[in-house]
Amino acid sequence: MTRDRTLKETTITGQSEVSALRLSDVSVNFGNYRAVSDFTFDLPIGYLLVILGVNGAGKSSLLRCINCTVPISGGSITIFGKDVASLSRRELATNVAVVAQENETKFPITVFQYVLSGRYSHSFGFGPDSSEDIAAVQNAIALCNLSGYDNRLMNELSGGERQRAVLARAIATQARILLLDEPSANLDPGNQSMIFKLVSSRCKECGGSAVIVTHDLNLASYFADTVLLMERGRLIDIGEPTKVLTSDNLRKTYGIEASVEIDSQKMRPRITILY
Amino acid sequence: MKLSLKTLLISFFLLLLSVAIGVSVGSEPINFHSISDLQKSILLEIRLPRVLLAATVGASLSISGAALQALLRNPLAEPYLLGVSNGAALGTLLAFVFLESIPFSRSVMAFTGAATATFIVYRIAKTAAGMTSERLVLSGVIVTTFLSSLIILLTSVLDAARLQGFTFWLLGDLSQATYWSVAITGVTLILAGFALINQSRALNLMMIGERDALDLGVETALVRLTVFAAASALVGASVAAGGSVGYVGLTVPHLVRLAGGSDNRFVLPMSLFVGASFVVIADTVARVSIAPRELPVVAITALVGAPMFIYLLRK
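Line order of the protein sequences matches chains W and F. All residue numbers in the first sequence are consecutive under our numbering, ending with 275. All residue numbers in the second sequence are consecutive under our numbering, ending with 315.
The following block holds chain F by itself, in its conformation from the complex (with noise of 0.2 Å):
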């Protein structure tokens, strides 16, 4: 399918749909006709940016997963399979418990450790005779853990007190939500988006075969570190403000291929406004659901996820 301008619309209007329901619903009910002074700080310091943050992280999860999915030739390619999630928490980790005083150090340390998580990633997954899908999810996993055991390690040995909420956060906690950490996560996305966006008829042929992009004209190795570093910068953005909301970049990509075919000029920017209704709909779900007590998010988007995942990965 073409990417229309019918399309474009319909997705967008379904954005503001649930960007909308995700203002409106919550745990304390506001009566939009007469409206209090705290509802009012309620609706416009908590609920708002929190909802404005789930359609930015969930834009740049799904946007990035459809890039490296692409790249990657592999269907099953996330960056929370893939451990670029992990490497962005501990990054972030690092940064909040040594370098808490430096401005932006979250977010920077946030992309480095996403950076070197894809790096060491795609290095393990590859090899002289290419990169199979058991190979990549393998690596992917070996990661995770690793990162997964470092991240535990480093909380149970530090101040428990002072790490309390990273655990929950660790599984996608929207809840810290600012309106700075929406302005971070919004220019990212824009700058990031625009870059992957632009790669979008270079990894129609990456898709194909690398060799194949050689031969027909696409500088591959420009597009391979394009890719990386606009994921990276993605999802450790969009980690160092809400946590790793995981299954994300595997769910919508796939969905919108399943929709409109796997040309990327119609994958990534469908991925990026759906991935964004996605993730505001799923944390409505987790903050409604209990309430007043919270699902961490990720308990939503797994939930989709996982079967999907298995779907795939016996395809």
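Pulled out of the complex, with its shape left as it was, chain W reads as follows (with noise of 0.2 Å):
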């Protein structure tokens, strides 16, 4: 952790110039569908990027190439320097901890064991778990208020809980980076806030960074330091919430008409969608 956060500092001082991600005219193809079209953007360590979009714009296909699950068809991904492309599987988990819509487990298991699954690019044959992997679990099933959930099954939880343990599962990696699709989707307000807020301040103490999808704009504007709009594969627009959640923006990407006020306490855009 003391390293992680050396890195994050002689990047804000601008001694080093290692971004925790980086994309250089990275493109997605699906056959002769272009998803992804020459995105170029620095993520520092430290920051949380959120990409908006309309549903197909390509935002997961963006978001699964950075762990190499989506094959890229031109440009390069570096994350800490490294490219992607040069890296294991094993060292792509220890690196970068994915949050995906949850499937329904055929077999049961506990939050204990789903969440220690999260350990296994630290592991290796097949005996027991170090103290050190079960120390981790405790700890981001307690960071995801799961405390008590231990010897639960998962698929006798809620949507929220569910996810929650998905979180916890990504944070037991300690990978700096966290990718998220659409983590707060049929959740309450309560726990969508909770996951932004977690992850928002991950990135702040642990050095990482994290990539979250979403559509909703509201916790887009308040939680993330860059915003990234697409449109059919294209970058319309990145950088400060101030900057890239306007009406004109808004209009563009998903054809509505919204109000943008800016929130005068913590100076972030407040999207009202008018109907």
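One or more hints might be untrue.
Claimed, not checked - So the derived label-pair ranges between C-beta atoms look like this:
(1) W:Asn55 to F:Glu219: 28 to 38 Å
(2) F:Val141 to W:Gly75: 41 to 51 Å
(3) W:Gly190 to F:Thr145: 47 to 57 Å
(4) F:Ile310 to W:Gly148: 35 to 45 Å
(5) W:Gly148 to F:Ser149: 55 to 65 Å
(6) W:Gly190 to F:Gly261: 29 to 39 Å
(7) W:Val54 to F:Thr132: 22 to 32 Å
(8) W:Met267 to F:Gly261: 47 to 57 Å
(9) W:Glu132 to F:Asn198: 20 to 30 Å
(10) F:Phe146 to W:Asn55: 37 to 47 Å
(11) W:Lys252 to F:Asn198: 50 to 60 Å
(12) F:Leu9 to W:Gly125: 17 to 27 Å
What the hints assert, rightly or not - To give a feel for the contact side, a few chain W residues facing chain F, derived at Cβ under 7 Å:
(13) Thr69
(14) Arg89
(15) Arg90
(16) Thr105
(17) Lys106
(18) Phe107
(19) Tyr120
Said to hold, decoys possible - A short list of chain W residues far from chain F (calculated; beta carbon distances all over 12 Å):
(20) Ser27
(21) Arg34
(22) Ser37
(23) Pro44
(24) Lys82
(25) Ser147
(26) Gly159
(27) Ser201
(28) Asn218
(29) Tyr222
(30) Thr242
(31) Glu257
(32) Lys266
Hints listed in this document are in silico derivations from the structure and should not be mistaken for laboratory results. All residues carry an ideal CB built from backbone N, CA and C; glycine is no exception.
Hints are included, so try docking the two chains, each in its own frame, into the full complex.
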């Protein structure tokens, strides 16, 4: 952790140019269909990036190509200065954790076992789990307000609890980059803000970075350090929430009318959609 | 439940106990205090290899069933139901008819048949959207029945006298056991069993979901290849030696999971021991229940396994 922090500080003071995530001219093609077209951007260490766009804009493909589960057809991606293409799956998993829309599990699995699966990339062979693994799992479970749920079965949990368990697993990996694909879809406002708060504070405290895909404009506005708007595989705008989340941009991206005021306390845009 | 030395010792002791029972029980009663030469040769040349083969076959089928279930995320995956056993049976039959003079041809052909059947079922069951239980079971049924009809066709066309024992053997017949067949299945069990147990942590993740596993650092393609190859080798060796003993790979892993949870570091090694004991006991029952005649061992395993299959399908 201390090493992480120094890395972060040097970046902020400009002594190091290592960014958490850097995309140069990245494209993703599915056959003839271009899902992501020539993306170039830098995500400094400690930053939370939120990707916004309509369904089918290529958000998930953009997210997925970062950990190489969707192949890129051009350009390059580096994390902490290393080309992701040169990393093994295990190395990738120790650096990048994913929170996906969760699927139903056929086999009964306890919350503890589920979160423990996040430790795979740190383990070898088939022996017992190390005390380090157990500690990381217990810490992640506590962070996600799941204390006391260790022996509950995953398929007995509510939607919010399940999603928190998925997040706990990502945190247990101790990867410094978190990728979250609509983590708050179908969740109540309390669980939604809890997830964003947790991810945002992790970015600041642990020298990590996060990329979140969401459809919630206000969550994006209040928690993001950088907002990226995309449409049909192309980058519309990227930058601070106040710069990107304008009525004009929202009309261009979603085809909606919205009033945008600046919350004077937090200095963040507050968006009201006009129906 | 975690795999502890205690559970391992208990299951090993149970295996020894069932082997002891299997060896001492039979149509020829044996008095161990005054043993005759005939009884000695029955014991050492017929019963012991048979009981040992039952153990290796049971262990092989159970551990491959457990691994296939985790890999395919489907508690119904089983070598017999997936057509893997029938693939191996067809391979064995072909070797028996056409390649009899070539050593090891039965085992090699059984492995080839098992691997081909596994691959075909997997390809039929998998769609772009993933794989459902229904699709997997259906493609298993399709391949199984197709292979069965090929086997029936071959046995009817070919010299009937030569294949007399084949139909009985098809239902699981351990009576032809030799130390040689025990050695082949035993060595396969050690090698392929280790390959599977070595993947148990990765299989824990595959059981949650293939994409989750990939995200968490599992080389999913390698794991899939390892499990398919190891399971085909195990089923191939077992079928070549003792016919297709059905339902073992379904019943045993399920009982193990029921007792100790679904962590494959526990399920795989325990299935190996419990499966060995299960088939040793089932074969003993098959030998003695209507002595001096014998039941096919699958009659016993299916009696336990089929109701469990129905239960799992309805769950």
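Now the hints, each set against the structure:
Remark: the range hint 28 to 38 Å for Asn55 (chain W) to Glu219 (chain F) is upheld by a beta-carbon distance near 32 Å. A C-beta distance of roughly 47 Å is found between Val141 (chain F) and Gly75 (chain W), which places it inside the suggested range of 41 to 51 Å. Against the hinted window of 47 to 57 Å, the Cβ-Cβ separation of Gly190 (chain W) and Thr145 (chain F) comes to about 54 Å, which satisfies the hint. A hinted range of 35 to 45 Å for the beta carbons of Ile310 (chain F) and Gly148 (chain W) is consistent with their spacing of about 37 Å.
The hint said 55 to 65 Å for the Cβ distance between Gly148 (chain W) and Ser149 (chain F), and at roughly 56 Å that hint holds. Look at Gly190 (chain W) against Gly261 (chain F): about 32 Å separates their beta carbons, and that is inside 29 to 39 Å. For the hinted restraint 22 to 32 Å between Val54 (chain W) and Thr132 (chain F), the CB-CB distance of approximately 30 Å keeps it satisfied. In this structure the supplied range 47 to 57 Å holds for Met267 (chain W) paired with Gly261 (chain F), their Cβ-Cβ distance being about 51 Å.
At roughly 22 Å, the beta carbons of Glu132 (chain W) and Asn198 (chain F) sit within the given window of 20 to 30 Å. The given range of 37 to 47 Å is respected by Phe146 (chain F) and Asn55 (chain W), whose C-beta atoms sit roughly 42 Å from each other. In this structure the hint that Lys252 (chain W) and Asn198 (chain F) lie 50 to 60 Å apart at CB holds, the actual value being about 54 Å. Taking 17 to 27 Å as the suggested C-beta distance range, the pair Leu9 (chain F) and Gly125 (chain W) conforms, at roughly 21 Å.
Look at Thr69 (chain W): its Cβ gets to within about 6 Å of chain F, closer than 7 Å, so that hint holds up. This hint holds: Arg89 (chain W) has a C-beta 5 Å from the nearest C-beta of chain F, less than the 7 Å allowed. Hint status for Arg90 (chain W): holds, given a least beta-carbon distance of 4 Å to chain F, under 7 Å. Contact between Thr105 (chain W) and chain F, as hinted, is supported at the beta carbon level, the nearest pair being about 6 Å apart and thus within 7 Å.
The interface hint given for Lys106 (chain W) is met, as the beta carbon of that residue sits about 5 Å from the closest beta carbon of chain F, less than 7 Å. The interface hint given for Phe107 (chain W) holds, since its Cβ lies 5 Å from the closest Cβ of chain F, which is under the 7 Å cut-off. For the restraint placing Tyr120 (chain W) at the interface with chain F, the shortest Cβ-Cβ distance is roughly 5 Å, inside the 7 Å limit, so the hint holds. Listed as a non-interface residue, Ser27 (chain W) keeps its Cβ farther than 12 Å from every Cβ of chain F; the least gap is roughly 21 Å.
With a closest Cβ-Cβ approach of about 20 Å to chain F, Arg34 (chain W) is found to remain outside the 12 Å limit, as its non-interface label requires. Separation of Ser37 (chain W) from chain F is adequate, the least Cβ-Cβ distance of about 24 Å exceeding the 12 Å criterion. The claim that Pro44 (chain W) lies off the interface holds: its Cβ sits roughly 24 Å from the closest Cβ of chain F, which is beyond the 12 Å cut-off. A cut-off of 12 Å between C-beta atoms confirms that Lys82 (chain W) is not in contact with chain F; the least separation is 16 Å.
Remark: the non-interface label on Ser147 (chain W) is consistent with the geometry, its nearest Cβ contact in chain F lying 21 Å away (cut-off 12 Å). Non-interface status of Gly159 (chain W) relative to chain F is upheld: no Cβ of that chain comes within 12 Å, the nearest being about 17 Å off. No beta-carbon of chain F is positioned within 12 Å of the beta-carbon of Ser201 (chain W); the least distance is around 23 Å. No beta-carbon of chain F is positioned within 12 Å of the beta-carbon of Asn218 (chain W); the least distance is around 28 Å.
For Tyr222 (chain W), the shortest C-beta to C-beta distance to chain F comes to about 27 Å, beyond the 12 Å cut-off, and the non-interface label holds. With a least beta-carbon separation of about 33 Å from chain F, Thr242 (chain W) lies farther than 12 Å from that chain, consistent with its non-interface assignment. Interface exclusion of Glu257 (chain W) from chain F stands, the closest Cβ pair being 37 Å apart, more than 12 Å. Every C-beta of chain F lies more than 12 Å from that of Lys266 (chain W), the closest at about 33 Å, which supports listing it as non-interface.
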